[in-house]
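Protein chains in written order, with the numbering used here: chain A, 1 to 401; chain B, 1001 to 1222.
Derived by calculation from the structure, the hints in this document are not laboratory data.
A short, non-exhaustive set of chain B residues, derived as facing chain A with CB atoms under 10 Å: (1) A1120; (2) C1124; (3) M1126.
Predicted model, so just to flag it, every value in this text is computed and none were measured. By construction, the Cβ of each residue, glycine as well, lies at the ideal position given by its N, Cα and C atoms.
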Amino acid sequence: MGGLEVELDQAAPIPLSARLGCAPGELAALVGPSGSGKTTILRAIAGLYRPARGRVVVDGTVWLDTAAGISVPTHRRRVGMVFQSYALFPHMSALDNVAAAMGERPRAERLARARELLRLVHLEGLEARKPAELSGGQQQRVAVARALAREPAILLLDEPFSAVDRATRQRLYREIAELRRLLSMPVLLVTHDLEEAMLLADRLTVLHRGRTLQTGTPVEVTTRPVSPEVARLVDLANLFEGRIAGVDRARGTTLLDWRGRLLEVRGAGAAAIGATVPWVVPDGFVILHRRDRPSRGEHENPVPGRIEQVLALGQTARLTLRPDHAPELPIRFSVPLHVARRNGIEPGVAATVSLLAEGIHLMPASGGAGRAPTDEPDQEGAEKAGQDREDRAGTSDRPGP
Amino acid sequence: MDWVALRLSLELAGLTVLLLLPIGVVLGRALAYRVFAGKVLVEALVALPLVLPPTVFGYYLLVAFGAASPLGQLWQTLFGRTLVFSFEGLLLASVIFNLPFAVQPIQRAFETIPSDLRAAAACCGMPPWRAVLRIELPLAWPGIVTALVLSFAHTLGEFGIVLMVGGAIPGETETIAIAIYDRVQAFDDAAAARMALVLLLFSLATITVTFLASRRIGRRLG
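Kindly generate the complete structure, drawing on both the sequences and the hints.
This is the structure:
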């Protein structure tokens, strides 16, 4: 057995309806916008927050079971926690900070082990420094060493990379990935940064307003979201609605009517013919056709349109295409910058894309489709997705072709 | 120079601070972290000596300590002497009227400790008492020192309440502040000037030394 099992439920003051698990040695990421309850869940696991109803089991030990009246106090839960603010003890040296988490053992033994842990996080030579004399990245490493000092049954990371600059963050990602191979306990990472979660996690759980919406591998969640809500939360901009026009069971394909344009979708699912379903096509499955000569795969769901926007981000160009058949439903996708240049892609030119059949993902018709996340103005993708939804809502009463 | 009065003042101030240290830490910490019914009322009661005229406050203490009061009677039964007009009564009054000077800085000091640090202490496996000793007290220390210095200086200077509760019994309740007043009344300006100067220099020295020490501790912790 082992690992982490969490079930939390309450209506107020912070609504929670969360189910999650994490196997020993696995890194699970809990992803959601600010205010979605990520930190609250982490605090409930550590015993710093007491939910109305819940159960937390770690490595076979019950830490919380509200039904049975069990709630182990935080200091008796074998938990290692890295706080967003790091929460290092300002009056202690780096070494003493780490040794402080080792309880009753003899001081010499604690200091020796603390030195070892600081070496593990590449801080040898800085043992005597106070937290104020360390850089952000170094403080984070002390916090990680301190969290490991208790030999915890679970490691909890609360947005541990949010307070450092980009370059340091990249370095810390590599270090955490390296460190993970040495750890045998479950590791739970809370982050609002989807890329960070994709990079580090084996498993990803999407959280919104205290509800865990989907758990799966990063690829699963970001290409096969269970609902439009999840699609928006994982920044899938190409979220539309279509009508099931036919199912070819022999070929294992479904025909989707997208505002008059027929798209072939890999898989013959359970959706009824005539039903309107939300669908999504991730960025990576939108292929730009070469404008000078035919390119491979261009017979697959071609969608002609006009390029509206070209946004160069490093070596990547982010493009927005207004399809000719439904200009109000822009398709967003990325191509390498040199590809955009070679094809003469600029705002206003005509271009055609293929929506690859294997990438088109149909979702069930119901299931929270009408709710857009509104409490995270900093989430560009969510806003864009919200805009798409409004576009659709404004035109949904038009008669189908 | 009334050395007896000076010694009495220093004893009173020293003992007051000694008694206020545990009271201030327990009460200040509770007010900083705990949520309980009537908390605002407790805070108001603690702050009361700041706003009440010393004579009014002294009057109520006199009534509360008097031979007719339950406290006065209990004291009489236990120790065979009255609580008012005694050094013990004066000490008790001193502890009470110094409560805001001790509790408020200590409460602020505990409040400024980030809640994440206390959570981190628990996550490090520290039981609450150990977290208080190893994390909270060292971090709140500058505030605690300030509280003790303020209480000490305030006790040396308090006049109205001391006169009301203690009278001016030489060697028992006559503090230096009262001795100075007494000398001025007797037109002994030279003695009053000497004592005032001693009190001034002593107070200044105490406060300067403690502020320096507290700043050094603050820097060490920061």
